[in-house]
Amino acid sequence: MAAPLEVTGSDTEAQPEAVLAGVDGKAIQGRSLGQIAWMRLKRDKVALAGGVIVILLILLAIFGPLLVQSPLDYHQNLIDPTYNRPKTGIWHTGISADHLLGVEPGTGRDLLSRIVHGARISLLVSFLATLLSVVIGTILGITAGYFGGWVDMLISRAMDAFLAFPLLLFAIALVAVISDGSFGLSGNGLRIGVLVVVIGFFNWPYIGRIIRGQTLSLREREFVDAARSMGARNSYILFKEILPNLVAPILVYATLLIPTNILFEAALSFLGVGVIPPTPSWGGMLTLAVPIYSSDPMYMIVPGVAIFITVLAFNLLGDGLRDALDPRAK
Amino acid sequence: MLLLITLVTFGIFFGLPKLAGQTTDQLAASYVGKAPTQEAIEATKERLGLDKPIVVQYGNYLKGIVAGEDFKAGPVTDHCPAPCLGYSFRTSQPVLPTLMDRAPATLGLAVGAAIVWLVAGVATGVVSALKRGSIWDRAAMVVALSGVSLPIYFTGLVSLALFSYKLGIFPGGGSYVGFSQDPVKWFESLVLPWVTLAFLYAAMYARLTRAGMLETMNEDYIRTARAKGLPEKTVITRHALRASLTPILTVFGLDFGLLIGGAVLTENTFSIPGLGQLAISSIGTGDLPMVLGVTTLAATFIVVINLVVDLLYAVIDPRVRLG
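Keeping their order, the protein sequence lines are chains A and B.
For the first sequence, the positions run 291 to 620 when my numbering is used.
For the second sequence, the positions run 691 to 1013 when my numbering is used.
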């Protein structure tokens, strides 16, 4: 964890503060990578806003379901049977004090509660899938980059092949092929598991390529030579010398992978291979909106905007983190 | 590469169910229909060769692609001529003709959208590179971020609600007409899908073009071209743009290939009867050979496109030599 981080630390952006601190008569202190990154991130208002939204969303996904009403209750007294849409609220959304985002056309289920429960599924699947991608991508990327030769050849080819596959089609087909009761799981437990594995498994090359590239340059560095000359084993060099230097890119690209995975999960739910209704999901809500967009255009807005805000917030935070942790990468 | 693709596709569809603990009986049953009889299951198992080891099955599948394959259904034998991508037991027909039937809609959607986003993206990119820091430049950046953050089925629905339902300018979903039947209506029905699909990509291409242009405009040969007294227009189009197109082409090859898979969402939103919709409906009816066919076709397409892109490098960038 030694040399290269300090090199990054003495980057131009950090220097004005350091000089100022010296003028004030205080001792000039060394700063860790985390401190420098946090300092840069604090100045990036857009990324901070994204970060705040992300934290709020995570809190909402964890605690929200405890606060809202059941997403499965029908409120058919609110539905106008002639048009099959909510009777009350502006633009027939059914918005009222009881239903802050309105109710679903046809069934009258509370939209706020469906969005909150949907957030839980969406974030759960995308976080776990990202974790899986990061683990596979890091292990294979670092192996390919460090050992080179035929190992690198093999892993790089595999990454190319994965990138060339029509992911969405494959994912749909996979989810469809695995029947209920496989792997000793059933129902939504199985579906969420399959979603996580499919999304995570197909996205690892994005992380893998970046890690491989970074490892390629890191293994030529002096501190790796030094470790090797002292008789360190490969496993020691990989995990104690190289891996700590990869924390920054892993963090950045994991943050950028989460929104991709949220969109992926929503797309699969939209196509009907996500969690099983009546469990609410954002993509599933949009599926319901397709046949009724002309009679009830307001209904698609709520899940659509939920996806948009979430994905945008993660993207902004990810971009900000990248600028803060690795200013040279663009 | 193609071999690898068939291997993986095949592995997913026939190997994975086995790993998941399904017996061949269950697998065969999933091909037969909702309420299969034991007899039908046995027959299907024999016809599909599901009782044979997985390696032999894969061999037969490959043989089918090269030389065609016969499927015996009791006394009747159906011949599936090469290239045989599979035989649907749901429709009792080879898969390929159905695929070919659906392909034009997907291809029309993909090509049209690609043209829209390339033209719009590259043009915006050039303008924002030449007028750096202007309002164009910032707008393109904002649109790019929202472009990647919006799911296509949402923008598609919003555009349908707005332009088709509220304003009535374009026909609504499900209005797709074949090109050979009525080219004008075909065009009208595809304008909205093209634009919504292109919206996702155009902004990203604008940013790519911008970065590439900014870099190439500082090259020595641009100064030389200017010094020769060439008009600025020629310098920009023939010298600068040409060089900055190479990275765009790389990304374009990948994106366009993936688009065939991505068309699934667009086709479902706009009810276009293309390959993506076929895949979804086939999954609904459990027609696995059909799904296998679509995926194999899409994967093949991606590989071919990438090859074409490699060849195009040499055309666009004279510094690249083939061989």
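Calculated directly from the structure, the hints in this document are not laboratory data.
We put the beta carbon where it would ideally sit given N, CA and C, even for glycine.
Any given hint might turn out to be false.
[Stated by the list, open to error] If you anchor each label on the Cβ, the simulated ranges turn out as follows:
| id | chain 1 | residue 1 | chain 2 | residue 2 | range |
| --- | --- | --- | --- | --- | --- |
| 1 | B | Leu797 | A | Arg333 | 45 to 51 angstroms |
| 2 | B | Thr936 | A | Gly521 | 43 to 49 angstroms |
| 3 | B | Glu922 | A | Lys530 | 40 to 46 angstroms |
| 4 | B | Val941 | A | Asn478 | 34 to 40 angstroms |
| 5 | B | Leu920 | A | Ile582 | 53 to 59 angstroms |
| 6 | B | Ala901 | A | Asp363 | 28 to 34 angstroms |
| 7 | B | Ser836 | A | Trp440 | 19 to 25 angstroms |
[As the list claims (entries may be wrong)] Result set (DSBU-like, lysine-lysine): computed pairs, CA atoms no more than 35 angstroms apart in a straight line:
| id | chain 1 | residue 1 | chain 2 | residue 2 |
| --- | --- | --- | --- | --- |
| 8 | A | Lys335 | B | Lys821 |
| 9 | B | Lys923 | B | Lys821 |
| 10 | A | Lys332 | A | Lys530 |
| 11 | B | Lys918 | B | Lys821 |
| 12 | A | Lys332 | B | Lys821 |
**Message:** Taking the earlier hints as the rules, which of them does this structure contradict?
**Reply:** 3, 6 and 7
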